[in-house]
Amino acid sequence: MTSLNTHSEPLILEMRSITKEFPGVKALADVSLRVKAGEIHAICGENGAGKSTLMKVLSGVYPYGTYTGDIVYQNEVQEFKDIRASEHAGIVIIHQELALIPELSIMENIFLGNEPTKRGVIDWNEARLRSTELLARVGLREDPDTPVKEIGVGKQQLVEIAKALNKSVKLLILDEPTAALNESDSQHLLDLMLGLKGRGITSIIISHKLNEIEQIADEITIIRDGKSIETLNVKADGVDEDRIIKGMVGRTLESRFPDHEPKIGEVLFEVKNWNVGHPQIQDRLVCKNSSFFVRRGEIVGFAGLMGAGRTELARSVFGRSYGRFISGHVYKEGKELQLRSVKQAIDAGLGYVTEDRKSLGLNLLDDIKATTVSANLRKISKHFVVDANKEYAVAEEYRKSLRTKTPSVEEGVAKLSGGNQQKVVLAKWMFTDPDVLILDEPTRGIDVGAKYEIYGIIQRLANQGKAVIVISSELPELLGLSDRIYTIFEGAITGVLDKDQASQESLMKLMTSARKTA
Amino acid sequence: MNALKKLFGGNTRQFGMIFALVALIVFFEIFTEGRTLTPGNVINLFNGNSYILILAIGMVLVIIAGHIDLSVGSVAAFVGVCVAIFIRDWGIPWYLGVLLGLLLGVAIGAWQGFWVAYVGIPAFIVTLSGMLIFRGANQFVGKSNTIPVPGDFQFIGSGYLPEVGPKTGYNNLTLVLGLLAVAYVIYSEVRSRRNAKELGAEVPEAWISILKLVLVCGAILYATYLFATGRPGTSFPIPGLILAVLILIYGFISSKTVIGRHIYAVGGNRHAAELSGVQSKKVNFLVMMNMSLLAGLAGMIFVGRSTASGPFDGVGWELDAIAAVFIGGAAVTGGVGTVIGSIIGGLVMAVLNNGLQLLGVGADLTQIIKGLVLLIAVAFDVYNKSQGKRSVVGMLMKNFSRSNEIKADETTSTKEVISKGA
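These protein sequence lines are chains A and B, in that order. Per this note's numbering, the very first residue in the first sequence carries number 15; after that it's consecutive. Per this note's numbering, the very first residue in the second sequence carries number 813; after that it's consecutive.
The following block holds chain A by itself, in its conformation from the complex (with noise of 0.2 Å):
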């Protein structure tokens, strides 16, 4: 395999037909990588294409014997059974959630774990003066005793950095490492980069702005539903961002999607620039001057990259569940609504599907009637004392109109397959009789048979005249489902296409960019 290498520079790492398996799922078939001594290398691809996997297969997480495949780094077959052991080989990996410690100070946080010691009590002035000359060379001017909590993420992703040199690190990962940055201090990371390449030290790097991505990487591996597809050289092959898109979404788009003629009416809902800022940070928004409309019998999609404000834009205005509210407007059939809290949402006919069912959508201790009821207690209540008879038959009702398969009603919702514990939820806010239903990730971890239901469900929910909100990562469900697609990146909408407009590339060019068309 090595000979086939015809370019002059050696390799640093090169994984060969790595194949990882989890019980009834392939989530890398024959994926191979190859990466060159000193170079950027970028891995691209759609949410769930399988990159956080493969880099967790490389740097140990997954360990040795878990996959099939061969890793070779430096020429040696390596065989790591934990990260420490990949760290010890000089491969560091980054991640998007960084793994520093706010208590600590930067000192204490980059030799956490690998602290210098003498006669076994740590050397302070020694690490004072390594953290001083590491911080000089990432550029970060701060004092090594800040807390790290009291400084900003880009200097943190900056303490990370300089814990991987103190490692001597050879091969540097970085998983989305500008995702939570702005501006300048993506800038200044990714000139970081470009300074450690100088230095000798290969990264690899995986982010889903095409724009950075062009303007750093040497080579780009593009993987796709667990393959990798293609490795592009930048400068030999003049990559751009268009031809990056198109090897992450070309695939055929199957018909997955029950018949469906909409019957779309006047406007129902609509929400007027939508400002809200992030729960904890101070200055940052997570939502910018949002604005969108769903009529009468609309199926709305929202497309965006995982992170890019899709499910806070659902959450705030469902009732201000997430984030700190700044300014903003929404309207259902024309009058304004003051949406203080999810009782005053409901009690206004919105329902808000939770994107993640296990720790936001279901009390797992509870059993499927229960469930069904609990975001309408009152309407199966007299003087606040619920009807154990109202319960049984509401759920009997939607037990069989979904078609949820379960031996009785009084089954736990715990023990439910993915697709039957989203019936339940979808029962859930279908009882509460919601005007306008938002459904964040609504077939995430469903197979295909559940998901070809859900989607009639939805449909059916849009024919009785409701404004029906979608939120996806998966194009191809957007493309089939909506009548009307709006993009968000960082926040911000980006654009709006009808169903007929839309395509795949075209959606991929409004969420990955800040361009705006509308």
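Because the hints were derived from the structure by calculation, they are not lab data. Here the structure is a predicted model, which means the values were calculated and not measured. Glycine included, C-beta positions come from ideal geometry on N, C-alpha and C. Do not take every clue at face value.
One side only, chain B facing chain A, incomplete, derived with CB under 10 Å [claimed, not checked]:
(1) S970
(2) E1010
(3) G1012
(4) I1071
(5) Y1076
(6) G1080
(7) E1086
(8) V1148
If you anchor each label on the Cβ, the simulated ranges turn out as follows [unchecked claim]:
(9) E424/A x A1175/B: 37 to 47 Å
(10) S341/A x S941/B: 36 to 46 Å
(11) S198/A x F926/B: 41 to 51 Å
(12) G470/A x E1014/B: 24 to 34 Å
Starting from the known structure of chain A, arrange chain B on it as the hints suggest.
Quick look at chain B alone, frame taken from chain A:
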């Protein structure tokens, strides 16, 4: 075994606890040579434990909501001493004293609920502080003295149902109460069967219902007999009556009302509850407030029983109440537990205490045994849960599928599923 489970409903821990309670009673009845199930001893047992059981009712709601309350003993003592002083110094009638005591309990609960629900300080800290504050307040207000309460106030702690009507050789009111209880049990079983039939849900077999009724009614009638035939002047105790009323009220609230559902929802998954429109802060506030209200009531009953308020009333009660709740099937993580389970848990501890005392076992050994019982009861439950649903192979598979699920949350594995299916 399955039929037995059906008899008592699904909860295995509760079923186990009823079984353990009956076994304990039989054990002590045999080894104390019949001194356990005498009218005097049973009345004594109820009188001496009613205040702990009342605390357990409040505590189970606190624990279901995912909190804990360490202050109940101190709050009980503080309310007790205040009421004793109100009655002595202001000369107010006993019922006004009780009312003031309940209001004081509500006020203290509002204080603690405010910190827990609206400021967001963990209940462990708030009530640990409450434990110190109100213990100190009890001793400050009472100047560390005992303060006697008048005879009519003592009625709520040590009174009995009065003798009325014709002389039957039994206490008539106790008999009436027992018969009412039997009638209610039969009525509710018949009604639940009818409902199940109407809804087309699974109706338990007739013999199960009948056997259940025979056992439960038999137990009630036997207890009635014991209470009605005590030495002259005694009958069903007033604290027991208060307890019974509270069990009915809180059992109803927790299982049948909207607020009850909300308590379970907040304890089970606070985020999901909030996104379903539950006002979790209000729920937490009410639960903490209610606990102090019941603690105040328990404190007054104790003062009534011991005829005076003292500086060390209620020491260690919080631990007895918490133990009762956990033995009764509640989960430390919240969301799980029942009022009736906690009462059974409390009775297990009470019978154990009482039986060991009758056998002449010292307080030292009694504590060791009670500690072990708590541990074993919960361990039994943990073991059951891990065994109940899956075999060992199932457990291993579960671990695998779990890691897969976590992956599915990070990225959209749906596509992987499709690519596999296609």
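Right, here's what the structure says about each hint:
For S970/B, the interface hint is violated, the least distance from its beta-carbon to any beta-carbon of chain A being 35 Å, above 10 Å. About 7 Å separates the beta-carbon of E1010/B from the nearest beta-carbon of chain A, less than 10 Å, and the hint is met. Nearest Cβ of chain A to the Cβ of G1012/B: about 8 Å, under the 10 Å cut. The hint holds. A distance limit of 10 Å between C-beta atoms decides the matter here; for I1071/B the minimum to chain A is near 7 Å, and the interface restraint holds.
Here the hint on Y1076/B is kept, as its CB sits about 8 Å from the closest CB of chain A, short of 10 Å. At its closest, the beta carbon of G1080/B sits 4 Å from a beta carbon of chain A; the interface hint therefore holds under the 10 Å criterion. The beta carbon of E1086/B comes within 6 Å of a beta carbon in chain A, closer than 10 Å, and the hint placing it at the interface holds. The interface hint given for V1148/B holds, since its Cβ lies 6 Å from the closest Cβ of chain A, which is under the 10 Å cut-off.
Taken as a hint, the range 37 to 47 Å holds for the pair E424/A and A1175/B, whose Cβ atoms sit roughly 45 Å apart. Between S341/A and S941/B, the C-beta spacing of about 40 Å keeps the proposed range 36 to 46 Å intact. Hint check: S198/A to F926/B, Cβ distance near 44 Å, so the stated range 41 to 51 Å holds. Checked against the given bound of 24 to 34 Å, the beta carbons of G470/A and E1014/B, roughly 30 Å apart, stay inside it.
The structure fails hint 1 only (numbered hints given earlier).
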